[in-house]
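If you read the sequences in order, they're chains A and B.
Start counting the first sequence at 1; every next residue gets the next number (UniProt numbering).
Start counting the second sequence at 1; every next residue gets the next number (UniProt numbering).
Please keep in mind that the hints were generated in silico from the structure rather than gathered at the bench.
Since the structure is predicted, the reported quantities are computational estimates derived from the model, not experimental observations.
Hints may be right or wrong, so weigh each one.
It does not matter which identical chain is used: a pair holds within one copy or between any two.
27 Å max Cα-Cα, derived BS3-like pairs, lysine-lysine [claimed, not checked]:
no.	residue 1	residue 2
1	K653	K239
2	K262	K239
3	K434	K653
4	K520	K232
5	K196	K97
6	K434	K193
7	K196	K520
8	K499	K50
9	K432	K520
10	K92	K566
11	K168	K493
12	K434	K493
13	K566	K262
14	K232	K653
15	K51	K566
16	K168	K499
17	K126	K51
18	K262	K216
19	K262	K92
20	K196	K210
21	K432	K493
22	K262	K232
23	K193	K432
Protein chains: 2
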Amino acid sequence: MAITQTHPHPLDPATPEELAQAVELVRKQYEVPLHFKCGGLEEPPKEVLKKYLAAEHAGQPVEAINRWIFMMYYIKRTPRLFEVIVDVTDGKIVHQKELPRTHHAPVDRIELNEAAQVALADESVKSELDRLQLGDNVVVVDPWDYGKDDENEQRRLTQIFFYTRNPKNNDPSSNHYAFPLDFMVIVDLIEMKVIKICHLPLGAEEITTKHTGPRKVGNPEEPEYDHRLQSKPARTTLKPLQVIQPDGASFTLTGRLIEWEKWRFRVGFNWREGMVIHDAWFDNRPVFHRLSLSEMFVPYGDPRDPLHRKGAFDLGNVGAGITANDLSLGCDCLGLIAYLSGHVVNANGEVVAKNNAICIHEVDAGIQWKHTNHRTGQASVVRKRQLQLQTIITVANYEYIFYWIFDQSGEIEFETRATGILSTTPIDPDCKDKIPFATRVGDGVLAPYHQHIFNLRIDPAIDGHNNTVSYVDSLPMPRDSRLNPYGTGYITKETSITKSGTAQTDPYKNRIFKISNPSKINPVTLNPVAYKLVPIASQVLLAADDSWHHRRSHFTDAPIWVTKYKDRELFPAGDYTNQSSGGEGIRDWVARDDNVENGDIVLWHTYTFTHNPRPEDFPIMPAEFVRIALKPVGFCNYNPTMDVPPSNQAFNKSTAYDPTLQVGADAVTSKLNGLSVQGSDQHAQGSCCQK
Amino acid sequence: MAITQTHPHPLDPATPEELAQAVELVRKQYEVPLHFKCGGLEEPPKEVLKKYLAAEHAGQPVEAINRWIFMMYYIKRTPRLFEVIVDVTDGKIVHQKELPRTHHAPVDRIELNEAAQVALADESVKSELDRLQLGDNVVVVDPWDYGKDDENEQRRLTQIFFYTRNPKNNDPSSNHYAFPLDFMVIVDLIEMKVIKICHLPLGAEEITTKHTGPRKVGNPEEPEYDHRLQSKPARTTLKPLQVIQPDGASFTLTGRLIEWEKWRFRVGFNWREGMVIHDAWFDNRPVFHRLSLSEMFVPYGDPRDPLHRKGAFDLGNVGAGITANDLSLGCDCLGLIAYLSGHVVNANGEVVAKNNAICIHEVDAGIQWKHTNHRTGQASVVRKRQLQLQTIITVANYEYIFYWIFDQSGEIEFETRATGILSTTPIDPDCKDKIPFATRVGDGVLAPYHQHIFNLRIDPAIDGHNNTVSYVDSLPMPRDSRLNPYGTGYITKETSITKSGTAQTDPYKNRIFKISNPSKINPVTLNPVAYKLVPIASQVLLAADDSWHHRRSHFTDAPIWVTKYKDRELFPAGDYTNQSSGGEGIRDWVARDDNVENGDIVLWHTYTFTHNPRPEDFPIMPAEFVRIALKPVGFCNYNPTMDVPPSNQAFNKSTAYDPTLQVGADAVTSKLNGLSVQGSDQHAQGSCCQK
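If we strip away everything but chain A, and leave its shape as in the complex, we get (with noise of 0.2 Å):
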């Protein structure tokens, strides 16, 4: 059966019209207003799912599956909140369930606007606000999802973080977070009051005590990063750079289907993970049977109340799909570029449409393989040509971008990056102490010590869903006058992981995670066709194992974890974060104590940026990042980029530098110093050039 609007692919995203239907669905069960948190497709059972995209594979008839969309929602004004699934292909509630008060929702962008009207509205905070003497400085709010501290705490929350508008322009578009406010204020969202006021330290005080002055403004170097506001002008060093492919892109994308250089995968897309790749296959095999960023933990590290609270989990707390930047032509991707987009749903039960959530191009990235052989000279190049998917999320502060990178070589690259700008909070001018787990990066503006913990969930297919995950390590052989005489020997030794559990990184023995099929015999090396996961190898959770960052971050213990297949378990902090007291979670899967040998096994890979900001990263962060890699060992029978066209300049085009055209240049001094100045034409005979 063709994929037609009828009938969507079980995978393709929640449509506008099911998720529509949804809300009409769930609505009219009620005389009351709803407040609906979120909306997305259901994925469905895998065995279901499973036959599927069998019978897709195979080219034969397949049976389609209903189509279900998952929501949850308030009763408006009160704590009742409710889980529900819907089935959009008969018009019923499949499922549907009151959670108790212990678990919260998400927060959205409409109930924190409402809370922050209400916060400067309060007189409390008016008369705070009036203390600080701030003239007509205009007053900017931050609300955050809050970090429940407090066993009994029942109370949906928002901690609202406050900053002004920079007093020298008071320009909409100013940085407010370089001119932070010495107090915040919390806010119960169900019955829109502000509960409490906090003050915050202003210098390396331990305990930090009401303020009654007025503020000690900071005058930072350079606090604006809208270039309108910047004080100096923009460079004018910089030339363009273009990325063009005048024969089209070699990717072809079909709805949600991409295939580009023996890749073949479906991009899925949902409010609380964005971007999602399914069903991958590499050379009409399968490999990856789903790939998602699954969540992510940004503990603070500055352990004074009321930062303590300080720690958001922004796939579940907010949302990667609600978030997505609509990725603009030109200015966020670069080439030849197509784009993906998805649908949520708001506050108000209505459907948002998030265009241009993922953009998709191709990227060169430099040299694949070569060999020069000295006695011909001839030499074979083949460059390495990527496929990247990138989504922007922009949550608060932070932006944060992530990109599945395809590669012609079988593997597969996430990358992180993290920008926009650092959570700030004031620091007396004046103050010369030492912060011992803060940065001055401005003056009056102190950025403490955070992480950015993530976790990848990858449900592997290696050739078939019966999987193994085993850790392989490179160690020393014995030394022994018969079989290491020289001491120069060593050899890997491989564990499979049997039962579910954690294991450890381990770069001192080069330590390498491989999920093989072990009925499937590579002909070459007469093992078990594998992929390997080269893992990060990074800090865990620096907070205590008593502290509430901890208690409800399960994935953060580990760096690896391994679980057996189970449906709906795609959220190891739980599917409900937000001010969770970390009930749910895969510490609980784990516990399980699963068989999770030569089965459908979930690998899990915890990798952590600690982030102790520096001045450079002020007013706004350049990227830093970090890169994750999934590679065939094993599971090709050779390198399969062989059959890549050689690299040559009737295709590639590239130019020669000219230095006569550019300013400074001493052409008689470049000729002297054996610069090559010939045009192209002479070099696109070198001998690496097959035509």
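Given the structure of chain A, go ahead and fit chain B onto it with the hints provided.
Coordinates of chain B only, in the frame set by chain A:
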């Protein structure tokens, strides 16, 4: 004084005239022929150079420094080795010394070719070849540097590995590494005669017995990398991707001086290190005096005689400048490219041009920073532009690509890629035994485990020459009811390295290495200005401490070394690595126990790629790569890329993918699934595009 032909800059590489002059001056001392080994610039003593550079930067007149050329040579056909330094400005020899017999110069292509001919003509070798019954299959040999394993061995030797061309095509361009033979030969390079024939293991045997039978040749599925000889035609799916800079490049190249986006540095070149970065300044402040790959070592892990002698120093034994590829326009580099060349000396004392040894071009590396203010919808985006300097070396079977990458953010990266062909040894195609220290990569082809161990030499000058190296760990705060009541706190702890020695990496403490200038305090952080090295946490040498691999490769003991600067301490395994007994090197330098605090120091970083081959690495290896970063931390007062102009479509000229032009696209389905197919004009009005 301007830089002219008569007075090159003291850091300009040796010119062809200077090398020719030096050869002549040395030669005329002798009546017998000489065998030259290398020749290149002897850099001035640092105290002299510092004065010159200080005057240059201050725009004051400079005092020309005499140009010196360093050379090694043998009296031909004798073991008598000399090093010499020739002052080519004054035309006289200023240093000349005969080396003891324990010291050997690098191998060179001319003598190795001669040794190859000697081996092929030897009667015992011919007898082995006859035994193998090769018919008309042409034999190809790979002479290597020899890993001496005997204290008393003073002869200069080469170990020669034997292969044939592909029996199916006997083509000169065929990949002989796919057809290894079962014996190898050792030749005396002075006497030019075969001294030993060693048989190679053909299976899992621990001790190799002498083979008596014919060759058992394997039949690898795809042994060839040359596209003309491969079994399958090239794919036709890949569309061109071109990089254009219609207004020219943003860098200026004046002789060997590069200026680009607040960066200013000189590019050196010599026979041994290849590309060197000198006198790097960022934003009119000195940061690094000298940056180079100082040595590399590739020890093999198959413990069996004779393979335990495979362990090559590709810089010291061969020379990264000597083996640098001629980078052809449009093959090795993409975009708007400038080239730099260099010169070396061959065995006959002739000057050889290494044309296009270094290519230089800009690269777009995605987004540098972005923030969207959700209140206004305004987004500011700046792209990450980099300048890449690339060189490629071919050492027998392997290629290494080295990049220095400069970023507008003040960061420098050094990237290493390994590609080319695995070193192979034969395996009986009928043998199915597990080989614990090697991988079968093709039928009849075994690739032993090995490590690629690199050392980066970093001579910093962070705002001046007196620096301190320290390491900074991120550690949890102890739980304390007053200081850390919620257990969320963490701090950084800095430890200065005060005495020359080694240090360890520790990703589990987020350890970074800071290079700071204690005399220059950043007015924002109130701490010394600094750069940090983000090291690679990797495995040390796996060979035993009492192995010859370990004995001669000093720098493989530890990932981090700090020494007090001393002229001519450039090569951490010694100046004479070939067949070295390990007598001199960085272990001796740190043993001096010098004070290294707040002084002229050198930081050395050893990093390892433990390479356990996979069939995907055969017949040629998709590049494996590793990047090291040097980043400002409290060097700048704020983000140095604020003034990079905003990313916009007028500058970037991206284009929109049009699915109707692609093969297999379904335009109707694309529209139904929310694909944006609007043209570029509409996107140009996106909110981030500040024109």
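Should K434 paired with K493 be assigned to within, between, both, or neither, using CA atoms and 27 Å as the limit? So K434 and K493 pass the 27 Å test across copies only (12 Å; inside, 47 Å).
One pair to classify: K432 and K493, alpha carbons no more than 27 Å apart. Within, between, both, or neither? between (53 Å within a copy, 19 Å between copies)
With 27 Å as the alpha-carbon cut-off, assign the pair K196 and K97 to within, between, both or neither. Neither way: K196 and K97 sit 32 Å apart in one copy and 81 Å across, limit 27 Å.
With identical chains treated as interchangeable, where does the CA-CA distance between K168 and K499 reach 27 Å or less: within a copy, between copies, both, or neither? neither (61 Å within a copy, 49 Å between copies)
Intra- versus inter-copy proximity for K520 and K196 (alpha-carbon distance at most 27 Å): neither (62 Å within a copy, 44 Å between copies)
How would you label the pair K262, K232 (within, between, both, or neither) given a Cα cut-off of 27 Å? Between copies only: 15 Å across chains, 48 Å inside a chain, cut-off 27 Å.
When no copy is specified for K262 and K239, does a C-alpha distance of 27 Å or less occur within a copy, between copies, both, or neither? Close across copies (14 Å), not inside one copy (36 Å); limit 27 Å.
Up to 27 Å CA-CA - K92 versus K262, copy category: The answer is neither: 41 Å in one copy and 63 Å across copies each exceed 27 Å.
Tell me, please, which holds for K262 and K216 at an alpha-carbon limit of 27 Å: within, between, both or neither? neither (61 Å within a copy, 35 Å between copies)
Up to 27 Å CA-CA - K193 versus K434, copy category: neither (37 Å within a copy, 71 Å between copies)
Can you give me the call for K193 and K432, within, between, both or neither, at a CA distance of at most 27 Å? Classified as neither: same-chain Cα gap 37 Å, cross-chain 75 Å, threshold 27 Å.
Is it within, between, both or neither when you check K653 against K239 at 27 Å Cα-Cα? For K653 and K239, the Cα distance is within 27 Å both inside one copy (19 Å) and across copies (13 Å).
The structure shown violates the earlier hints numbered 3, 5, 6, 7, 11, 13, 16, 17, 18, 19, 23.
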